[in-house]
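Top line first, the protein sequences correspond to chains R and F.
The letter at position 271 of the first sequence is residue 271 when you use my numbering, and the numbering goes up by one with no holes.
To get my numbering, take the position in the second sequence, counting from 1, and add 1000.
A hint or two may mislead.
[Stated by the list, open to error] Now the in silico label distances, taken between C-beta atoms and shown as ranges: (1) F/Tyr1474 to R/Val69: 17 to 23 Å; (2) F/Gly1477 to R/Val69: 57 to 63 Å; (3) F/Leu1462 to R/Val284: 39 to 45 Å; (4) F/Arg1030 to R/Ile23: 49 to 55 Å; (5) F/Tyr1474 to R/Leu468: 57 to 63 Å; (6) F/Leu1455 to R/Gly22: 15 to 21 Å; (7) R/Thr363 to F/Ala1441: 27 to 33 Å; (8) F/Ala1441 to R/Ala48: 52 to 58 Å; (9) R/Leu12 to F/Ser1452: 20 to 26 Å.
Hints listed in this document are in silico derivations from the structure and should not be mistaken for laboratory results.
Glycine included, C-beta positions come from ideal geometry on N, C-alpha and C.
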Amino acid sequence: MILLALVLVPLLGGLAAWLSQGIDRNLPRWVSLATCIAGLAVLFSGAAPTLPGAGDSFLDGGWLLHWRVDWIPRFGISFELGLDGLSLLLIALTYALGLIAVAASWTEIDRRQGLFQANLLWTLAGVCGVFLALDMILFFLFWEVMLVPMYLLIAIWGHEGRAYASMKFFIFTQVSGLLMLLAIVALAWQGAAINGELSFSYGDLLGLAFEPQVGFLLMLGFFLAFTVKLPAFPFHTWLPDAHTQAPTAGSVLLAGILLKTGAYGLMRFTLPLFPEASIALAPVAMLLGVAGVVYGALLAFAQTDFKRLVAYSSVSHMGFVLLGLYAFNELGLQGAVLQMITHGASTAALFMMAGALQHRLHTRDMRRMGGLWVQAPRMGACALFFVLASLGLPGLGNFVAEFLVFMGLFAVAPWMTAAAATGMVAAAVYALWLMQLSFHGKPDPQRTMADFGLREMSAMAVLMIALLWIGLFPQSVLDLASPAVNGVETLFQQTLPVEVVAR
Amino acid sequence: MNSADFAAIAPIIALGGGVTLVMLQVAARRSAGLTRLSALLVLLVALAASVWCEFGDARNVTVLLRADLLSTLFAGLFCASAALCVLLSRDYLPGLSDEGDEYYLLLLLATLGGVVLAYANHAASLLLGLELLSVSLYALIAYPSRVPTAVEAATKYLVLSGGASATMLFGFALLYAATGSLGFTDIGAGLAGSELGPAISSLSAVLVVSGLAFKLSAAPFHLWAPDVYEGSPAPVTAFLATVAKAAPFVVLLRLVFDAGLLGLPGVAEVFAVLAVLSILVGNLLALLQDNIKRILAYSSIAHMGYLLLIFVVAQNPEHRPLAGEAAVFYLFAYVPTTLAAFGLLALINSAGDGDDRAAVDDITGLFWRQPVLATLMVVALLSLSGIPLTAGFIGKLYLFAAVVAGAHWFMVGALVLGSAIAIYYYLRLVYQMSQPAPEGAPEIALDAGTISIVLFLTAVILALGVLPQLLMGYVHGIF
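Based on the provided sequences and hints, a complete structural model is requested.
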């Protein structure tokens, strides 16, 4: 029931936020804030007692919490939710970034606040569902449903190019989602042929022995859907448009958590369901990862739009996730998980910064900024912190994540590692470029702008503490994720040819 | 005929008797309001008859009709849809004509035709039902007689529909020559030992299928649909797009399955061509339209294409039950969804002269002007594009399941491609509604009754998507 509550709380909260607009036009944001806090409270009060028992991976059904009722018995579809350390981490991230998004939109949204907060919370509900669903159709349901409120966020409250951006975002995800639906149905039919009973449950579909070609095609359906969402090169083109045009809270959610659903999908579904096919695809996936890392970084360097730069840096950072996942070893996988969380925190902060600047200066063009540090020192300091985090400064979370990915990857593909490492150099260039253009230099004397206030500083502080914590004590997070990571690793050690494991 | 037989066809009797009574009432006292009420009453009685009349097992009533789970399901659906069309016409009709009595009478007759088609088990009842439906529709489409486009649409429908009926009749004549019978199952039995040979049998089957494909507006027989949809008054378009599409499909399903037409060489291939062409033509041309009615017309062509896919799957007797289930569920889900979309157009054009304002720009800002209506439209559009939590998704899931089970990968490709294209034009409407309302956009006032219809339709579409098991269980029992 706790699992159901995790989805229901933001769902009903959204409804309440919408209706509360009738009482007071500023009430919805308070409702939203309360809902996110309530969600976190439910998560921790529900999951904390189960944590000591954590240890078994999903292969042995080691869910911290598990809930299942029949939904559509005709097709063997059930309403099945499960929580393990990995989903716990990601749901905590979801609600935390939900709080940040509410803070970011506190004064920015001046029309139809109720519906705005409702859509924001419904997006959270969909994402939580994605992180919890263990029935493939239910997973697909949440996967698609979370698009609709996000689409509305961009289409209604977005900036000048919102029509194009929102449409592109929806079509990219939906079309790849159709391929996934096809793969899901075909997978279940394969499962029915092997097990003798039609079921869409994750547990029943794990470990099916396919013919190699069938397995590979099915895997591709999932892989495409998830890499479009991730996004991996060359499917990333929707991302800069959507991020740039979305309102600040939308960008925070998109970059912070929606991209992670792609990474989560790869780790939870693509790899464990199709280990053999994944191994066959690994060289291509790694190549896409490297291409994403390098290409994203190069394009980020070429931008003059603050938000667009951060968006391209996301493409680059999510390339590391792909690399870590397809290394198939513990270090790589742990690195990928950490990267999901630290990228969520650092990018959310940078998007919030971009939104704050746009709100104050009415432009995202960095050439028209310059010298902001003098006028807004607190903003400058925050920007510097997150820019350094994003380029991978040791001591902050992103460094640990990328370092682990490199360690894991080096064991299996040294040349790929070397190529990806050049992306780190480019990251330093674009990150410092961003800092220099907008915050250093001579300030415009005509300009007056407010510095960050208490609300914005506290949001920033939360994210800073999170990044510092992960940077200095990563073990606490690694322990939570380890059952899921070990499960995947075990599966691959059984599948991989011996000499690859030895290397 | 015994009492169980009468109970089995109770909806037909209720409608037939009801039409006569309403006609007498109109003769005695002309009043649009009263006629609307009595028409509604007749439809509700017929609906109740289809829901509650127990008649035991499936049975043939005379050689013409077959009462089973399939016919009762669609008889009820058609009566309910027609009742909603009647309700939608209340505010719409006064602008069209001074007297609205015949309008409701014609709507009842058309519904009777649809219900007869749901029961038809014989070429004669098929033709009777189909012509009753079509002839009533000619008059209904041309009802706003002051609007030239409506008359044009009716003429177009009349001429092309006549051609289609002739084609179908020729097909049945050939089938009769080949088998000596006109009942669906007898045709199936006769085809095996036909003296005229398989070539003639296939030809005649294709002719019959083409005639019905015209009614379904499957490509390449789709040319009438956009013009007729655009020219007809919105509540009539709603009827045309739901009952007048679903009824021929039900009878096609029964004919093809009972007469074993898929066993004839080449027939399944014809269905494959019709399906793929409809999917591509419908979706691609819908991209180019700027009128919502035309967009929905082309989208309905595409949806008929998806439905026709199941005949390709049903070619293999092993997959026939699943294919049939998929078709019935999809069709059932399609009806309230389409009704909702056209209902919206009827409501935003109430008290017009029948020349509807249905350009894409006309719904700009509907979210803010009339949130309840906009929500209904969004739900309907999401259902048409097959997004989860709506009826359309379950329908699409069924289709995917059927096509994957049959391993028709080319058809799967068409299905995915078509759905992918479709998102663009559905989403375009959603986007248009979400934008700020233009200055001077007309006010849309809704009374409590209308709002309850809108909420009811929204609830039905969502309920079919969230809790589909009830209908699934029923449909599972049909095949």
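Here is how each hint holds up against the structure:
1. The hinted window of 17 to 23 Å between tyrosine 1474 of chain F and valine 69 of chain R holds, with their beta carbons roughly 21 Å apart.
2. Taking the beta carbon of each, glycine 1477 of chain F and valine 69 of chain R are about 23 Å apart, not inside 57 to 63 Å as hinted.
3. Here the CB-CB span from leucine 1462 of chain F to valine 284 of chain R is close to 41 Å, well matched to the stated 39 to 45 Å.
4. Range check, arginine 1030 of chain F to isoleucine 23 of chain R: about 51 Å between beta-carbon atoms, so the 49 to 55 Å window is met.
5. Between tyrosine 1474 of chain F and leucine 468 of chain R, the C-beta spacing of about 59 Å keeps the proposed range 57 to 63 Å intact.
6. In this structure the hint that leucine 1455 of chain F and glycine 22 of chain R lie 15 to 21 Å apart at CB holds, the actual value being about 18 Å.
7. Checking the proposed 27 to 33 Å range against threonine 363 of chain R and alanine 1441 of chain F shows it holds: the Cβ atoms sit about 32 Å from each other.
8. In this structure, alanine 1441 of chain F and alanine 48 of chain R meet the distance hint of 52 to 58 Å, their C-beta atoms being roughly 53 Å apart.
9. For leucine 12 of chain R and serine 1452 of chain F, the hinted distance range of 20 to 26 Å is satisfied, since their beta carbons lie about 24 Å from each other.
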